Amino acid sequence: MVELVPTLLRQELARLAEDDARLDGRGRWEGREFTLETNCLYNAEGSAKVVMGGTVVYAGVKFELRTPWPDRPTQGSLMCGAELRPVAGRKYEPGPPSPQSIELGRVVDRGIRESGCIDMESLCIVPGEKVWGVMIDIHVLSDRGNIFDACGLAAIAALRTAIVPAERFDVGDDHKLQIKGTPIMASFTRVGGRFVLDASEQEELGGDERIHITLGDEGHLHSLQKGLRGVFTPAEFAEIFEVAQTRCVELRKIVAKEEEN
Amino acid sequence: MGGYGDVQLLNDDGSRLDGRKLDEIRPVTIEAGILPAAEGSAMVTHGLNVAVAAVYGPMEAHPRKIQRQDRAVIDVRYNMAPFSTSDRIRPGFNRRSREISKVTAEALESVVLVERYPRSKIRVEIEILAAEAGTRCVGITAASVALADAGIPMRDMIVGVASGKIEDTVVLDLDKAEDNYGQADLPVGILPNTGEIAFLQMDGDLSLEEYNLAMEYNFKAAKEIHEIMVDALRRRYDGGEA
Amino acid sequence: MGRRLGGFGEKRMSQGQTGAEQRLVTPGMVIGPSAGKRAGSGIVTAEESMIATQLGWLREQNNTVSIDPINAAYMPRSGDLVVATVAEVRNNLWFMNINGAFQGLLPMSLAPWKVEFGAARQHMDVGNVVLARVQEVDECHNVVLTMKGVGLRRLNQGTVESIPVQHIDRVRGDNNALLQRMREACDCRIMVGENGRVWIDGDADGIAWARMALQMVAEYGHSKAFETILSEMEQTTKGDA
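Protein chains in written order, with numbering that gives the first Met the number 0: chain A, 0 to 260; chain B, 0 to 241; chain C, 0 to 240.
Only chain A is shown next, with the shape it has when bound in the complex (with noise of 0.2 Å):
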């Protein structure tokens, strides 16, 4: 279903730029609140909740045994996918996955692959033969607004805990998959003009393209995307990155934090 944009609003959010302001009386830069929890669904190897505003994401990482690529005789595999069902909003309709939720998906899987934050020679249980896949899935239950960085973050967060199920696969003990760095996602959406951290459901239908940004620990680029009809500048983009480190190292800590808990 086409979202039908009141012209109204695109005019409010111009004028509301203009006085560096933003709907709900946030900062240009600054987040909605937000909580994650992890190890919260049973049957998933590891599972993480984000709730960022109103949007509500569910990741769970499942396990299977596999053979590997024959070019590729000693590394395991990795597959994240995202599903905007229904359940998330009205505009959301029945039906195969839709383009935006397969590049919801690859966005957050390039993010989580390229950072190499988990190591592929390390799935394997015997070369050539059976080797681990892992897969996380996204669901998004409830999408106001800023779904990429939710649904990053609850991939990697549920990652982080997930335990190998090798016992009942019957091939040795259970142990929790090793994962070096937290590859963090955040996106910009412009609004009204400029560009705003962590848009929301309103500020998304009146606004025009975004940028996705995934760093890894030691602040280097991961995986870039631009979503919508829109261009930017080179100087757009230094601002925004900036911005993307200090959000990148914030949510880091609570990862971590949550981690300890």
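Be a bit skeptical, because a hint or two may be false.
To be verified - Partial list, derived from the structure: chain A residues whose beta carbon lies under 10 Å from chain C:
hint : residue
1    : L3
2    : Q10
3    : L15
4    : E17
5    : D18
6    : A20
7    : L22
8    : E128
9    : I253
10   : V254
11   : K256
To be verified - In silico lysine-lysine, BS3-like type, Cα no more than 27 Å apart, as pairs:
hint : chain 1 : residue 1 : chain 2 : residue 2
12   : A       : K90       : A       : K129
13   : A       : K90       : A       : K179
14   : B       : K175      : A       : K175
15   : A       : K225      : A       : K90
16   : B       : K101      : B       : K222
17   : B       : K175      : A       : K90
18   : A       : K179      : A       : K129
19   : A       : K90       : B       : K101
20   : C       : K147      : C       : K113
Please keep in mind that the hints were generated in silico from the structure rather than gathered at the bench.
Nothing here was measured: the structure is a model prediction, and the numbers come from that model.
Beta carbons: idealized from backbone N, C-alpha and C, even for Gly.
Given the structure of chain A, go ahead and fit chains B and C onto it with the hints provided.
The following block gives chains B and C in isolation, referenced to the frame of chain A:
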């Protein structure tokens, strides 16, 4: 039903493996209004099951061919998340979820005052996040609370409960092992105030006496769960008092 | 959702709720014998009992028992003033989103301008926001809108906020007293549509203030009277909002 008669499901003293009495349900907690994007929502945990339901509408029914001139249609989607079971489920609809969606929709259509909304549709989305056993019942309970939360008029709510038979003994609310190795399962949707039944399925082997006892257990459980449903709605809107 | 607003903690939310009978009922609940009483909205009678069909507060007035629902969908009635958004334009009519189950239809003949066939778009395009009135609603929920009438027009400036439809009367207050108080407090023009859409126009601080007050209604309206929200809001000056 699996019918593996040699798996022990009752302790020597006649109690169940998880320590429950024969007519005891697993712990149930319910929260209403947990999904801000939905017009009504609920989360139900029942044992280790976690079900979430969201309600949207009434809205114009699309495609046109599903429209009814005299009433609303209820469009239910029951779906299990890929990580909800011990082996990952491939995303997408399957025959099982289609059947459950259909009978759940018909159960809900028997309590919602659908004639108030001609040509419309009310969307009910049931997502199972963790499955232990009895997810269709937990889904119905969640859907009822979500419909009430959305302000959809109904003549009663529906409580989903199940009883079954293990080792030739009728027990209330089968857990995973009991469901896998038991002899019968009788999931029903009960209207707690009128005492009517809006949802009924059964598989396995039950005598009439066993059916009657299982139903008796189900009615007892429906009463208990209904109180938790009412309490969830009150807690959300009445500051926990009342 | 937005941010939780400082100084309005949950604990202070429980006051409010004016009126004598304050009982929260759930669908299916038996309220009592139906003899001698009339079943109002949200109530059905079955086997000589009154039964609640919605989640809400029970109310008894002039021997009629009814429910003030906690959540409700907008059901258009003729005469309703609505804030509508143009969803589709045809040669001789507009389809409008009115926050209901069905779109409203505004025929060329009920527009405030003399419109040539095929020129509808020149007057109003998709996304435009208007103030309209419901002309008629038939049995099948077909809604016809009109823009002929005093004050009905295209809204070219200002902003639109949403509030739950069941709280509209409470936001207005008796004889619009609370709405008037709100208008004065933020120095804005405010129009409350029966469809839960509220149009606000004024200076930046005033709009921000009004928006915050309405967001409070959306979030806490079920547990707190609008007057309480307004009183607390009035203590924050416009500039701080």
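ask   = Against the structure shown, which of the earlier numbered hints fail to hold, in ascending order?
value = Structure breaks hints 8, 9, 10, 11, 12, 13 and 17.
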